[in-house]
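Protein chains in written order, with the working numbering: chain A, 1 to 435; chain B, 436 to 870.
Incorrect hints may appear among the rest.
[Claimed, not checked] Simulated DEER-style distance windows between Cβ atoms:
#: 1; chain 1: A; residue 1: 203; chain 2: B; residue 2: 802; range: 40 to 48 angstroms
#: 2; chain 1: A; residue 1: 31; chain 2: B; residue 2: 681; range: 52 to 60 angstroms
#: 3; chain 1: A; residue 1: 85; chain 2: B; residue 2: 825; range: 32 to 40 angstroms
To be clear, the hints were calculated from the coordinates, so they are not data collected in a lab. Ideal Cβ placement from N, Cα and C applies to all residues, glycine included.
There are 2 protein chains.
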Amino acid sequence: MVTNITQLTQARAGNITSEMVGVACAEEMEAELLCREVAEGMVVIPANVNHRGLIPCGIGRGLCTKVNANLGTSADFCEVDAELNKLQTALAAGADAVMDLSTGGDLPAIRRAVLAHCPVPLGSVPIYEAAVTAIATHGAVVGMSEDDIFEAIERHGRDGVDFVTVHCGVTRRVLALLKSQGRVAGIVSRGGAFLAAWMLHHEKENPLYEHFDRLLAICLEYDITLSLGDGLRPGSLADATDRAQIEELVTLGELVARARKTGVQVMVEGPGHMPLGEIEANVMLQKKLCGGAPFYVLGPLVTDIGAGRDHITSAIGGAVAAAAGADFLCYVTPSEHLSLPDSADVREGVMAARLAAHAADIAKGVRGAAARDMAMSAARKKLDWEEQQRLSLDPECFAKTRSKHLTESGACSMCGRYCAMKMVENGLGITAERC
Amino acid sequence: MVTNITQLTQARAGNITSEMVGVACAEEMEAELLCREVAEGMVVIPANVNHRGLIPCGIGRGLCTKVNANLGTSADFCEVDAELNKLQTALAAGADAVMDLSTGGDLPAIRRAVLAHCPVPLGSVPIYEAAVTAIATHGAVVGMSEDDIFEAIERHGRDGVDFVTVHCGVTRRVLALLKSQGRVAGIVSRGGAFLAAWMLHHEKENPLYEHFDRLLAICLEYDITLSLGDGLRPGSLADATDRAQIEELVTLGELVARARKTGVQVMVEGPGHMPLGEIEANVMLQKKLCGGAPFYVLGPLVTDIGAGRDHITSAIGGAVAAAAGADFLCYVTPSEHLSLPDSADVREGVMAARLAAHAADIAKGVRGAAARDMAMSAARKKLDWEEQQRLSLDPECFAKTRSKHLTESGACSMCGRYCAMKMVENGLGITAERC
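Isolated chain A, as found in the complex:
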């Protein structure tokens, strides 16, 4: 078994890899410091040895909060070109990573096409491929063998996928807890549902838990970063922070320790739908139970009734989660719960998540995060519209919105000639001349 090629094993040996140098440069920090963070498992650098052209990205403590965009076909809509188009949109909007969650069409071909055009870390959920193949071949997901699951992971690794979501914590004990307590929305994770169905049918333990070492061996070979999935992710506010969710998290914490021991990079996934007031405690719990492993959250969505605007409900939850210590935000698009996202949705989703991530970075004191806001405020004070546009998160949207009602006064059309900025030209030496 090869055991010395992951970023984690290299960092432990004190070897600063080119990936670490790249990430340290992007984060404006010392490579030595970053190397220590990787060695401790506080930071991961998802970088499959087979992913050509990857610009590495770090995720974890002290770094900027990163944003992931989920892409992928569905059974009913499976055009490769549409996926590549969405990929370009996600990248142009500033996504730090993308996941290919395809379940329709020629899955390996789609994955390879996406990888070939993807300079950022690519993630996937290999069990989708195993399950979809089993349904096509045997008519049911329960026809999937244990080997099918591990072979799918192996294929994804060989192709160059940088991080994989694996729902190792959906154990028989978790399902028993779920059954005894009940839930409003049950299991909403697709991977979790595939595994639960398989386990109940075969009356067996989760193969990804039982044969976790086999999974680790595959990850070691390609330096795949494990993203320990939350199959019991609450899909309703009412189900948040229940025994099933927390039991799974305890198990994930146990597996984080085993992965690190073996030299495999690992992060942990989190909710989900969750009341605003429970988010901080959930982040604290994840950090404690999982030894400070990077935390990757989907949302959290702070209400269940926002469909059509769940990029906003998740921006609220994501900002609060990241400010509390979450490291990686999975975007949610305006189409969540309703439809497969199109390119416009992808753009809105990435932008909303980036606003949340940036607000959190300022709150948690990530180095340099507030500088752009300071420069923007200075440009705003000067009514320097070109500079404001340049500094805005989305210059294109800025220009489009501003052009709706242009005035000659040089101010925006809201205040026009009664612009407070113009009236009080200088907060230091306030003058009334302009009024």
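Mind docking chain B on chain A? Use the hints.
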């Protein structure tokens, strides 16, 4: 002086008004309890005796968080019909209150037209009218007399305006602090800027502070609710929670006590641009310094670089503020900082603020707030799309988004036939038959 007609004086006398009955009914609480809250000043019911057709609305402790939509012409765009159109949009989107912030056109005529079509509480900033008139008449805001300010307030009260923003806390001491400390964005409140310019030119104290009793007398006559404005509202993250802002808040707290003593209903306005991590402390501070008076926040916007999507940055801040105890959210539209909002902006602004308010209501345990989310989750589990649409915050947006990619499987087009909800039909009795 009439001293017994405000909701506050009535409540103190133990008289449950028809407005209290209406608000208690809407909030599903006992009228007696509401009456006690009004008597203590913890809840205000802005209800000018001259506002015909008003459906009263309560704002404060224990009630649902309310949402205000700012409307109003600017010097460059001043069509009455456009304002009435935006008013209808705001009401249809569910705004609990609106403010007419017009600064262009025939201000009294616009205000009366809006009032005639406004069943929710209407707010205004009377100093805009005094200042705009002074500029038209004397060529400068400094030409405005003290009487001009109070007469404008009196006119607004006589017309039926339910709450007025008055920047009573912009004192000479506050301006001295502002000057000595400096700011990136200075004063961004228009009312605050008008007053500061006037004070500096005339070397006089703020008339609204110095003659606060004259203001109270007007409010008592019509039961205008005071909304003590924050003229030193930070307009940049870098300026948040500075000495000028907090000194103004201390003064507003002093004025809250004086208003209550006289029988005038009063709430307090707050920021503004503010780092996510400072919001809770600011809400706590307002509640402590201002004797628990209802807190009305603009945003807060948690980053300065979101122009074009500041409805999202303010939804993040607003949700956190309201969860921490803020009672009233002023919406921010996607056009903020860039352009006068149009009807589409008004709709997005109201919806984003309502999502924030609702998420906060769940977090702070407002009675009944979580019930709709629970019902939505149950409908989602059953794949009952009609019921989901009915329960969603914006059924129109829900339908439009869902129609983008309809599938025959009955699930949404994102997961299609691999819907986790369908795979695991029932969290209690998980079955694999469908897989």
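key: Hint check against the structure, violated hint numbers in rising order   = Hint 2 is the one this structure does not satisfy, whereas the remaining hints hold.
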